[in-house]
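J.: Construct all of the structure, not just a fragment, from the sequences and the given hints.
So the sequence lines, in the order shown, correspond to chains V and Z.
Numbered according to the working numbering, the first sequence spans residues 1 to 297.
Numbered according to the working numbering, the second sequence spans residues 298 to 680.
There could be a bad hint or two in this list.
[Stated by the list, open to error] As a list, the in silico EDC-like pairs of lysine to aspartate or glutamate whose alpha-carbon atoms are at most 20 Å apart:
1) V:Lys264 - Z:Asp305
2) Z:Lys659 - V:Glu261
3) V:Lys264 - V:Glu235
4) Z:Lys309 - V:Asp3
5) Z:Lys618 - V:Asp3
6) Z:Lys302 - V:Asp250
7) V:Lys249 - Z:Glu654
8) Z:Lys321 - V:Glu229
9) Z:Lys321 - V:Asp228
10) Z:Lys664 - V:Asp21
11) Z:Lys321 - V:Glu227
12) Z:Lys618 - V:Glu171
13) Z:Lys309 - V:Asp228
14) V:Lys170 - V:Asp134
15) V:Lys249 - Z:Asp305
16) Z:Lys309 - V:Glu261
17) V:Lys264 - Z:Asp616
18) V:Lys234 - Z:Glu330
19) Z:Lys618 - V:Asp250
20) Z:Lys672 - V:Asp134
21) Z:Lys672 - V:Glu5
22) Z:Lys672 - V:Glu261
23) Z:Lys302 - V:Glu261
24) Z:Lys321 - V:Asp253
25) V:Lys234 - Z:Glu654
26) Z:Lys664 - V:Glu227
27) Z:Lys302 - V:Asp253
In short, the hints are calculated from the structure, not lab data.
Since this is a predicted model, take the numbers as computed values, not measurements.
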Amino acid sequence: MIDNELLNFIKRTVTKFLMEDYMPFPVNRSVCSEWANGMNIKKGLSEVVLFTGCSYQLAELGKKFDDILPSLARFKGIERFSSFAKAFYKPRNERANKILRNIAYLLKNSGVDFSYYEDEPYSGTILLELGMLDEFKQYAEKLVNFFVARGVKKIITVDPHTHYTLYRIKELNPSWNVNIVNYYELIKGAKAEGTYVFHDSCLYSRFLGMRDTIREVIKGSGIELKEDEMVTGKETSMCCGGPLAPINKDVSDKIARNRAEALKNVHNKVLLACPFCYANLSPYVEAYDFAEVVKIE
Amino acid sequence: MSNNKDWDIAIKRGVEHNIPRVFKVLREHPYLEDLARKVREGKLEVLSNLDHYIDMTIKAVEKIGGKAYFAENAEQAREIVGKIVGSKKRIVLGKSMVAYEVGLRKYLQSLDNEVWETDLGELLIQFADEPPSHIIAPAVHMTRERIRELIKEKLNIDPGDKHEDIVKVAREFLRQKFLTADIGITGANAVAADSGSIVLVENEGNIRMTSVVPPVHISITGVEKILPNLEYALYEALVQAAYAGLYPPTYINVTSGPSSTGDVEQKRVSPAHGPKEFHLVLVDNGRRKANEDNVLREALLCIRCGRCHFHCPVYRVLDGKWGDPPYSGPMGAMWSGVVYNDYKPSLMCTHAGNCREVCPMKINIPKVLEYLKHKYYTNGTKQ
Chain V
1 MIDNELLNFI KRTVTKFLME DYMPFPVNRS VCSEWANGMN IKKGLSEVVL
51 FTGCSYQLAE LGKKFDDILP SLARFKGIER FSSFAKAFYK PRNERANKIL
101 RNIAYLLKNS GVDFSYYEDE PYSGTILLEL GMLDEFKQYA EKLVNFFVAR
151 GVKKIITVDP HTHYTLYRIK ELNPSWNVNI VNYYELIKGA KAEGTYVFHD
201 SCLYSRFLGM RDTIREVIKG SGIELKEDEM VTGKETSMCC GGPLAPINKD
251 VSDKIARNRA EALKNVHNKV LLACPFCYAN LSPYVEAYDF AEVVKIE
Chain Z
298 MSNNKDWDIA IKRGVEHNIP RVFKVLREHP YLEDLARKVR EGKLEVLSNL
348 DHYIDMTIKA VEKIGGKAYF AENAEQAREI VGKIVGSKKR IVLGKSMVAY
398 EVGLRKYLQS LDNEVWETDL GELLIQFADE PPSHIIAPAV HMTRERIREL
448 IKEKLNIDPG DKHEDIVKVA REFLRQKFLT ADIGITGANA VAADSGSIVL
498 VENEGNIRMT SVVPPVHISI TGVEKILPNL EYALYEALVQ AAYAGLYPPT
548 YINVTSGPSS TGDVEQKRVS PAHGPKEFHL VLVDNGRRKA NEDNVLREAL
598 LCIRCGRCHF HCPVYRVLDG KWGDPPYSGP MGAMWSGVVY NDYKPSLMCT
648 HAGNCREVCP MKINIPKVLE YLKHKYYTNG TKQ
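T.: Structure below.
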């Protein structure tokens, strides 16, 4: 069920890339901030920063990485080769960029003042997801130093994994003086339409206490949500399977198919709020992120 | 992973029957949440001074005419029970996860005893010679179609396709075993430290028969099942039944030593109609070590209601084979670490968090599993 060699490979390579270049895969770091091109958002030092954690930008790529992991793990010396690749490899993800731009518009329209970083680091969530806590602590320290050096007092997150990761980093570093807020807590007057069933992110719903906040924003926008106690309840809404993908792709896929089937029985259009849920569920069901169906004027 | 259509059908049916029923029970009896909170408090009280409560329990059992034993590990537990039982006996077993954990049925069979599981699910597991797939519903992986075939094969009787008729055939088979058994062995849902009583909750009536009809009753259970007193132990039974979805439970059995009567001049004498001997075997097997660890201690609060299994996306796709038997599902991934030092099952947790939401003991299961993942990376696991 679990391939030890594969796990060791992930542990070794992901940690190496993160510690060397703040990215989990050999990818050019500029992919994290290209969404902001042409948006006239402040760059660099600022007390309030919009931090994407690179989740939306890497979710689809991560899925591809999960697909090829078993063969990569058997490829001796791949780590050395990959170090060169990261400087050149710049996957473009228009959907992720659109979602992030929409989020930035929503924040601006709500009167929120913020900046962003062109050299934005990855959040480190994969280490936490896999339970590699020693490596996570090591990376967390690096990330705290990154933010402290830039004088950050408030971090705005856009996805549940980055938000939860920062929450856990703060737990590890209680003296880190920072306020972590999610964009759903800040936006006002978002408008959208249509009928959907909402697939809750496990982290937002059950670990971060944001279930009601997010539903209020979505329903307040004009969207009608179909509910079913057995499918969309706090205790019954299931994981998309994403966190297991690097460990066991088959189990991860089956969880995703089960979840998609259950959601389809409630409504054919699924709304969600997490890039990894989208990556896992969209092959099996018509799925949309809230930030891509919201109207931007 | 399950490529087994039987599992997909069986677990879907199990989930659809169980989850709404538990919701309904909890809505209709809101006091159950208070009782669950008290049980957690009681268990934490015991765990904070476990050796003291083990000692107190042993003395209390002896005071009421029973015999009590402490087993450090599975081997000691088997030996203790083996000595009480001897050989060439007929034994009826009430479902006990600890009995499974220490390998009791097969050990007693190896001593030339005839041993029968009496819980229907467990009997089916015995017939099929398979590990259980759920902590309280051990045969949840079998559809009724498969169960029909199994009974046909083992008992040469075709029970038909109806749930009721399958149960009837099992009842007729087991009744004769109950009435002729030399020894009854059960587990315990809770043990009261003050009175030495054990509390068992059930619906089938098999535990009642197992613990009353044969002349000797042996209860085998983990030390974490001790509660400070009989009041808390009774609460545990109510809470376990409710969160398992069968409430009110058909039977709650309280056993305090061998049978007795006070009808002749009010002098309490033993035995009366029930067993003339009562033995309690308290098993450690990793529990006290886990109790010394602040994170793993949480696992010891588990009351084995099995609710977390049905709410877990991973358990639902893994064919009941997540964790080391009999410990399956999210709680099983924790308990594989507690009793078998096997941390690998924890790696399959997706931290969906549903288990934590529905746990009556409020165990932060994902947190415990994250901790076990960390132990896996740092300490390795059993080979």
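J.: So which of those numbered hints doesn't the model satisfy?
T.: 2, 4, 7, 10, 12, 17, 22, 24, 26
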